[in-house]
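Student: Position chain Y with the ligands against the provided structure of chain D, taking the given hints into account.
Residue numbers (the numbering used here), protein chains in the order written: chain D, 1 to 937; chain Y, 1 to 270.
These are calculated hints, taken from the structure and not from any lab test.
Note that beta-carbon positions come from the ideal geometry of N, C-alpha and C, so glycine has one too.
There's no promise every hint is true.
Covered by chain Y, according to a simulated footprint, are these stretches of chain D (three or more residues, beta-carbon under 8 Å) [what the hints assert, rightly or not]:
| # | stretch |
| --- | --- |
| 1 | 144-156 |
| 2 | 162-169 |
| 3 | 176-182 |
Taking CB as the label site, the calculated pair distances span [what the hints assert, rightly or not]:
| # | chain 1 | residue 1 | chain 2 | residue 2 | range |
| --- | --- | --- | --- | --- | --- |
| 4 | D | I83 | Y | E129 | 57 to 65 Å |
| 5 | D | I144 | Y | S62 | 49 to 57 Å |
| 6 | D | A509 | Y | G147 | 45 to 53 Å |
| 7 | D | Q692 | Y | P74 | 56 to 64 Å |
As a plain string of letters, each chain reads:
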Amino acid sequence: MELWIGALNLGFLYALMAMGIYITFRIHDFADITVDGSFTSGAAVAAVIIIAGGNPLIALLGAFGVGLLAGATTALIHTKLNINSLLAGILVMTGLYSVNLHIMGRSNIPLLSEVTVFTQIAKFNPGLPQEIWYTIVLTGFIVIGWWLVSLFFKTDLGIAMRVTGNNPMMAGAVGRNVKMLTLLGVALANGLVALSGGLVAQYQGFADIGMGIGTVVIGLASVIIGESIIKSRSVYLRFLSVIIGSVVFRFMIAFALYIGMNPIDLKLLTAIFVLLTLIISKAVAKRPAKRESPRKILNSLRKAIFNRWSAAVVFILILILGGFLLFKSGGSHQKIKIGLVQFTDNGLLDVTRDSFLEEMHRIGYINDKNCRIYVENAHGEIPVLNTIIDKFIRDDVGLILTISTSATQAAINKVKDRPIVFATVANPFIVGAGESDSVHLANVTGVYGGVPMDRTLAIVNRFFPDRLRIGCLWDPSQANVVFNVDNLRQELRNYPQYHFEGAHASNSAEVYQAALSLVNKNIGAFVLPPDNIIYSAFDAIVKAADNRNIPIFISDVERLKDGALLALGYDYTSSGIQAAQMVARILKGTNPAQIPFEKYTKLTIGVNLNVARKIGIEVPQAVLEQATLVIDEKPVTRGEPKRLALFQFSDHSMMEECAKGVLDELKTSGVLEKYNITIERKNAQNEFTLGQSIAQDIVRRKYDFIISLSTPALQIMAQANKKIPHVFGAVTDPYRMGVADSPEKHLPQLTGVATFQPVEEGFKVMREILPRAKRVGMVWNPSEACSEACTIIAREAARKYGFELVEATVTGTSEVMDALNSVLDRGVDIFLTSGDNTVLIAIESVGEVLKKRKIPYFGNTPSDIYRGGLIAVGADYYDVGREVARVMQKVIAGADPKNIPIQDCVPIQIGVNLALAEEIGLELPESFLKRVARVRR
Amino acid sequence: MIKIHNLHKKFNPGTVNEVYALQGVDLDVRDGDFVTIIGTNGSGKSTLLNAVAGAFLPDEGSIVIDNREVTRKPDYARAARIARVFQNPFAGTAPAMSVAENLHIASLRGCKSYPKKGLNATRMQFYREKVAVLEMQLEDRLGDTIGTLSGGQRQALSLLMAVINPPKVLLLDEHTAALDPKSAAQVIKLTKMFIEQGKLTTLMVTHSMQQALELGNRTIMMNKGQIIDDISLTEKKQLTVDELLNKFMQIRKQEQLTPELLAELKQMYA
Ligand SMILES: Nc1ncnc2c1ncn2[C@@H]1O[C@H](COP(=O)(O)OP(=O)(O)OP(=O)(O)O)[C@@H](O)[C@H]1O
Ligand SMILES: [Mg+2]
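Chain D extracted, bound-state conformation:
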């Protein structure tokens, strides 16, 4: 019964909020999401007034007032500053988060031992079960609230407000101040929402900064469900429908729990349910509207039942009721029943739960055999927590085990008549479970413990006996975390040589930034107390600490392998085990009042030697001896497989040749077998973005060696990689690439082979074959670094051999032909392309034009002669590749690239297309032909 009664009560409490949502969204057509913030504001103000000793009714008034203010702010931002209503709501909601934290002064205020409206109501209980008595009082309260609000909207002012929302233009025309009335409506709505927040806080026994999350959705769902059940134009019926919607929504959740559905699916279910309702009520709305008047309330209620959809809902409700009765009559075995509830899906909580269940099993409480353990998880939602506890009471469990602070807080507030054992609670005293280990609530006991900051610091001190700046990161909105940090600061007083630096992060996206800020303050170590937010972005901290090799001390052993140096924390299995033993004692008859709170007994200390080695820190022997867990993967030995990435920028023939040289040389040298190396080829397909992704991937996947071929490949790789030994090749001028200043002075992780194009050699050949030629034409793209280098050399060489260079520049391949024609129009005897990739792409077309004009075409890649070039004087890239491979061998053998100077390697190779020479009538001297390595006939 408690499950449904509890759901009814929650439904009533949230109904005020839903009515507020109805006023903004439906009456004023104002999509207001301020409510996510104002709900919490109401709870916060009510809680603060109550703990200050204020009358709980005054507290509710205060809640209403703060809601009015919040709503008015949103409305003012909207009407005065002309900012979209949704945006205005988002702004105020965001701001309210900080305001609420300020109001509360911390993230959670327990009201357990305070005088609340509910403790007052309980005083007048004529002897009914508590929740039922609440239901009766709340029913009266909600009826009054319903009547008042509905009545208000029937007054002249209320009618004016409705007109304003319905037709603002007409409202203005009949003398209504639309902005004023909107302000009033939004303020009133938020007042109701905050009032609801204040009530909920008193009902559940605490206010929490996260209470309001999702309020809009719950409210809208209630409105929509209500509208689908009762369709009426009467103001009274419409507000009634909202209340019913709110109750049905809570019943849905209770039902889902009742049938054992995982609450994790609840949100999806809600979304589907609301969507269905929307679709169906749209279809229904298409029917002509029925006549209605306030006097026909009963009549329309009857009609509403005949509405197909509402009939379905009523049917479900009947089913629930039926099922409940069935269960009630059939489910009264004499087994021990235990309800276990955890607040969220968090590693520690899961460990606690599992070790509890295991220990229970071990000491003879076997689930479904001699006892029944209901295991529930609220997945982080406080209202669900309440419903779960109601369900436990309905199931008549003999004992409740709560895991986490929130679950404990909710349970001890609600349950007074049966034992509660808590586990994995940092500080049970701040939630009001007791005053000391032995003086505590009569039905409550459990296992607790903050993180042993004293022991953590003692270990830090073994590493750093002298001065140290300690960096600490935390989310200030979590009460537990703040408690731990305060604890840490407290303990730091014993270490005057340590200096504390703190930084906040309120979500995981902020963690990296916050960690970096600490790193920049020159901290010597991170000490991180447990914090879900911070730990969820642990990788970001490792990344921030990595640059300066800062060691990280944490309290979660699970995180050790992710890059922390040391982890010291309680072993939460001991929390579950100790809790199980307490439960056993209670089940055997010990009064929980007689069982003192216990601290966890088991401590774990983990050390990651890999990290220690990486950041160059010596782990003291004493620490190693204490450690319960040591991670130590020795650096990979020679025999282990290694990977070499052969990264080329495109499959240009020159690079293919070079790659072939690399592969042949590496294979024949035997270095691959000797060091167990596999080669993986990567090709950027001539695309920079693809090249960058490949490079990043190579770095991320931690290849052991890299060879890059071509200038862009070198540039991209040098940018992405700072660690992996890297040998480059097929690069004209590495000294212009920013990777090296001289052969000896270069980036530490790389070295390689420079192959200056033998441009001068080309001019020498030109002179030899064409003694009378004067003008050499050239088209090139200034944005290609390599091409620019060649052009500069070409200008020099042209002068040296008595030529005049006729240049034209292009920015892309499409311009090449025009540039060529412009050069030809100026009259040239020879045309030269010196490794310009833009022109090389169009080399066939260029060759075609030159052939027609009978102008000899010189290139500097030997393979040019196969694609339209006449004579190519260039480097033999196969040989270059082999040279690159030889450098790589040294690196593989253990040489540091830093110590290997960049070498020049220009194996000159000359190619001639004899057929073309004949076609354009060029005779070649025998002495020259003798030197030609490649001939195309």
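Tutor: Chain Y with the ligands in isolation, oriented as in the chain D frame:
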């Protein structure tokens, strides 16, 4: 009653969508005048009415109503003296609310709306009597929402709403344009009746030359944001619909003429 001097209004100034809707309107309407306004589409008739009602503030010029300077007052502050009926039957009523509530809010025009229950049995009886006058079979439908009424019923109701708390000035913007001929005739009949009964100063925009000639004691013609003709009652009596139409066609032609010539012609008409 209404004194408009040198009124200017530009919409979306400085953008490609700039419209110079009112280009210096001068108009002096005496107490009890019933002025019909004609003019081509987009000539600024509705804009003029909106300016008087205060739907927006003019760029330049002044509006005095009932000896009160209202040029910079928002619509709700002028509503005590001005009531209006829109061309679109959907614009003048709150569709989700009942007939009685609409009438009630309209009868509060010019008064404050207090959180007190004003819509009581006596008021309901009063509204029932009022809607009976419309002869639209609305007597038993006071509880129904406006959304369920026909266009003619709505427009008749809008008219009733405009005069239920008698204003000084009534603004009618082609309020029969969207109606079938029968409903239109009924609404016009009601219009005449209400205006006579209340001796209301009225501005009525119409596209029907017939209406323009038959109704009111004065007709003004607008073009390109200016008043280009002002026809007195005596003149109107002689004018036939055809003649008025001719005048209209003339203006159409005038649009081709230079502003100087236009000014000349205007003088001629004046
Ligand atoms: N709110 C507005 N924003 C921009 N332009 C507007 C606005 N209201 C009117 N206009 C423009 O001002 C000009 C005059 O419009 P108005 O509605 O006054 O003409 P009208 O004489 O009533 O025409 P119709 O006979 O078609 O109703 C038109 O070009 C119109 O597009
Ligand atoms: Mg108009």
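Student: Would you mind marking each hint as holding or not holding in the structure?
Tutor: Right, here's what the structure says about each hint:
no., hint, verdict
1, 144-156, "holds (count 5)"
2, 162-169, "holds (count 5)"
3, 176-182, "holds (count 3)"
4, D:I83 x Y:E129: 57 to 65 Å, "46 Å, violated"
5, D:I144 x Y:S62: 49 to 57 Å, "53 Å, holds"
6, D:A509 x Y:G147: 45 to 53 Å, "47 Å, holds"
7, D:Q692 x Y:P74: 56 to 64 Å, "59 Å, holds"
The structure shown violates just one earlier hint, number 4.
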